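Trainee: Fit chains B and C with the ligands to the supplied structure of chain A, relying on the hints for placement.
Protein chains in written order, with my numbering: chain A, 1 to 432; chain B, 1 to 365; chain C, 1 to 259.
Relax, there's no trap hidden among the hints.
For the chain C half of the interface with chain B, some residues (derived, Cβ under 7 Å), not all of them:
(1) K170
(2) V179
(3) P188
(4) A213
Please keep in mind that the hints were generated in silico from the structure rather than gathered at the bench.
These numbers were taken from a predicted model, which means no experiment stands behind them.
Backbone N, C-alpha and C define an ideal beta-carbon position, used for all residues, glycine too.
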Amino acid sequence: MTHRDRSLSVAGLARVEGEGAMHVRVRGGRVADVQLEIYEPPRFFEGFLRGRGHTEVPDITARICGICPVAYQLSACAAIEDACGVTVGGTVADLRRLLYCGEWIQSHALHIYLLHAPDFLGYDGAVEMARDHRWIVERGLAIKKVGNRLMEVIGGRAIHPINVRVGGLHRVPPASELRALIDPLRRALADAVSTVDWVAGFDFPQFEHDHELLALVQPGSYAIESGTPRTDRGLVFAVSDFERHIIEEQVPHSTALHARLAGRGRYLTGPLARYTLSRQWLSPVAREAADRAGLGEQCRNPFRSIVVRAVETVYAIEEALRLIAAYQPPAAPAVPVPARAAVGFGATEAPRGTLFHRYGLAADGTIATARIVPPTSQNQASIEDDLRRFVEGRLELSDHQLTHDCEQAIRNYDPCISCATHFLDLTMLREA
Amino acid sequence: MSVLLRSLGPLVERLRADGYRVMGPTVRDGAIVLAELDSADELPYGWETTTGPGRYRLHRRDDRAAFAHAAGPTSWRSFLHPAKRPLWTADRDLAVTEPQPQPQPRYAFLGVRACDLHAIAVTDRVLGKVDGEYARRRAALFIVAVACTEPGATCFCASAGQGPGLDGAGCDLAMTELADGASVRYVVEVRSAAGGAVLSAIPTEAADAWEVNSAREAVKLAAGRMGRSLPEVDLRELLAGALDHPRWDEVADRCLACANCTMACPTCFCTTVVDSTDLTGDHAERWLRWDSCFDLDYSYLHGGPVRVSTRSRYRQWLTHKLGTWHDQFRESGCVGCGRCITWCPVGIDITEEVAALAAGTQVEG
Amino acid sequence: MGTGPTLAVWKFSSCDGCQLSLLDCEDELLAVAGRVRIAYFLEATRATAGGPYDVSLVEGSVTTPHDVERIHQIRDQSKLLVAIGACATAGGIQALRNFADVEQFRSVVYPSPEYLSTLDTSTPVSAHVEVDLELVGCPIDRRQLLETLGAILAGRRPDLPGHSVCFECKARGTPCLLVAGGVPCLGPVTRAGCGALCPAYGRGCFGCFGPAATLNPPALVARLTELGLSPREVTRVFRTFNAAAPAFAAAAAPEEAEV
Ligand code: SF4
Ligand code: SF4
Ligand code: SF4
Ligand code: SF4
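Chain A on its own, in the form it takes in the complex (with noise of 0.2 Å):
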């Protein structure tokens, strides 16, 4: 069997969220061609936001992702509130980003044990993992339901809250609420940092990329529903200029739109990012865990976001905990936001990336334009480079284990495939 050329391909990609596919060509040993196919047709979100009123788009743009519909909202409020001149601020905006957490808590764990860490340890899915390691698993389902517990109580549910509206809440928690989440977020904590320690044991290929990072950054604390973007190449703009310099382009071998930064090239944005640009400003129980993991000042080997993950989950429950402990129910739970003709911009930092919304609203606050950039279009043009050098690296290996290793490499972006079906659609059969 010669290695020099084949094609790798994976028809349908498993433990990740929403339809994809992957194709590798290897021609006279070199890689030809590498494609992360997203084969979801396309939603058409920004097509019929149009015309739909202003204080319907959180509830709207949520469909987007089951996964991380809080980060779809808050863009979208964020947005809309900066069209309308309004600031959501004071106690509301801390609930808010309460919220965010239980989705930053429910999507890591998610993603850490039932999607990712069956690759390290040769399972196939949590599932076949549970069968050997029964109480990791349920360890993680304890982690990712205290996650879904929090955002129960401030959304009303997990999958597409229904308590955000542009101006802040529908109804605040009564204290005693989320007072009653204060233990189980405890025990979490404490399985989270197990979880650290857990994953930082795993066996990391020698990988690393060189791409620009891009996040928000918030200083004095870790960014999460607002910030300004930044890249550790020390590029800085307002969110109001994220367009000039985020090109995003369909690219002709698929229908993707691939993003990438105006006169900089491709860059990544995720946790790998946010832990490189906010490091410092994680609470003292994520840091001394990512010390112990020897994360360092940054991680630049996407087989170890998984390990940043794991921090940023510590970090989502300790903040948890500390905006519950302050917590005093505001007087009103929404300032009200009248529509004027304008262009608002909003960006937050979803589990897997910043998450760009733009709107033009008409004067009765219909929307007359609308713009979405989520953070796996973003990647996939750094997700496709890093295949390639990775496959390069590795020609000796057999078809199988390549291919195992090459889903693996895609799963340490998590990406979403959902909330990336605005950009992509390519017909190809697969097995039924």
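Mentor: Here is chains B and C with the ligands on its own, set in the frame of chain A:
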């Protein structure tokens, strides 16, 4: 013999000390609802309501009256006949466990109006002999009734039977609220031995003749200020003869079949039985849950639902409540609380519907 | 892994939220995995087994020619086919394209629309193949999912009431927002299942569980109009996650429904 209470605080404290869960009206989410009270401070002092078909609003009032509101979205039946409860559980070994006659919550209802007192009596005749759990809760119940001095626009207890006074109705204590300005007092009558015991354990004053009189007058005035009434005909006969009346089609056009009326009504008692099994397959449960004649599945017999149209379901509700209830229980199922009128999202008015049916008959006759 | 029936989970056009509901059953997930053989569930495992499958859960709506083929293949391979969520039972939010010009949407989102192959419509699974059971909601309710799986395993009928959200709202003891606050609420025409969540959080139901088994939208529209909603706003409230469910489509645009 009447006594005077200047505060309900000691009464609530006493009842709680006696082991009762005190349930009463309190302001929550834009309405006066019935909920557990930790203290008398949670009563809706200084609030009143305006009601109309499909409309309910809270307002501040000038005095500190706590019982100047009309019926809220739920009734006392939520506690005596809760929305869902387990009937039995079974495990794979076929050991069927009926829930042990649980130590039932001992409820003290504070502020039961004439209509609702009447409704509890009606429900007693429906469930008292057939539903053990209801009977146990009922037997342990302590009732502090309050006469109505401020009937709402959708109230018609005077024409539905009893009320707004509390004469002859079964309760432990019967009181009338006298509010003027910042002061609020209660003229209280003992109606049972249990009531006497509770009252003797808290400080009271003798009510003077003027106070007793004012209380009586206020109730009498209220009877004349009912917002609505039922037509003065034999409703049982009227409805039995009106099954093909065109009015049913007309109301069916407006009716949402959403069941708010039956869910709000203090005498509606219909339930469904739901079986469930868990994922292990080793455990099964049977639950009793509120249902409604507006539920399509409620009339599901072999092969399909019997009452498919909204017309037939609305007709079932109204003819049962005001007509065939007489055949079943020798009285009307309606106590005139007005909840179904107020809490119908589209404001369908039972008194107006009956009046239309009655007018129709008269025309025909 | 269990020895019970085989379970497959399929995804069409959707947000992933409904199948995530299964992974969100943290307390029951391993119990489910012990009672069924997971034969195809890409979000959870890369191990896949060929059909036929005893139970298929289908998330998402049909939006491409390839989807049409695929749903027929899945139907052929499945003893019991359960459509889960508003996408699979009504076309989902993406069915808004059914009411507009898709060409226009395409060019708004994609600079080079010629690469896309998409049907003009987003349709529910039942528009293409026979569906044995439907779980509604955007997203589905986790308890209803567990109830349905438990029922399938026990061979009984799942308890999935067809009545309105108002039933649950009253049972929960929430004061009606429509009556007490004049807040527009779709609860009277929406199928129960969520536990009347939104009214308990102080907002009107926006119909994410789709039409109830019996409903009277014109009567509610009349009331919403009294509360001050313009015809355009009425159209909007019915055109969200179940826009293409026939009863909501008709309520949103009475004139068009006549045609
Ligand atoms: S029918 Fe209406 S007025 Fe009569 S008791 Fe029931 S809710 Fe009250
Ligand atoms: S029905 Fe809603 S939650 Fe379910 S997949 Fe579709 S968009 Fe997501
Ligand atoms: S708030 Fe909505 S769901 Fe609840 S009873 Fe009123 S109309 Fe029905
Ligand atoms: S109340 Fe209505 S919109 Fe809210 S979750 Fe329930 S069905 Fe969905």
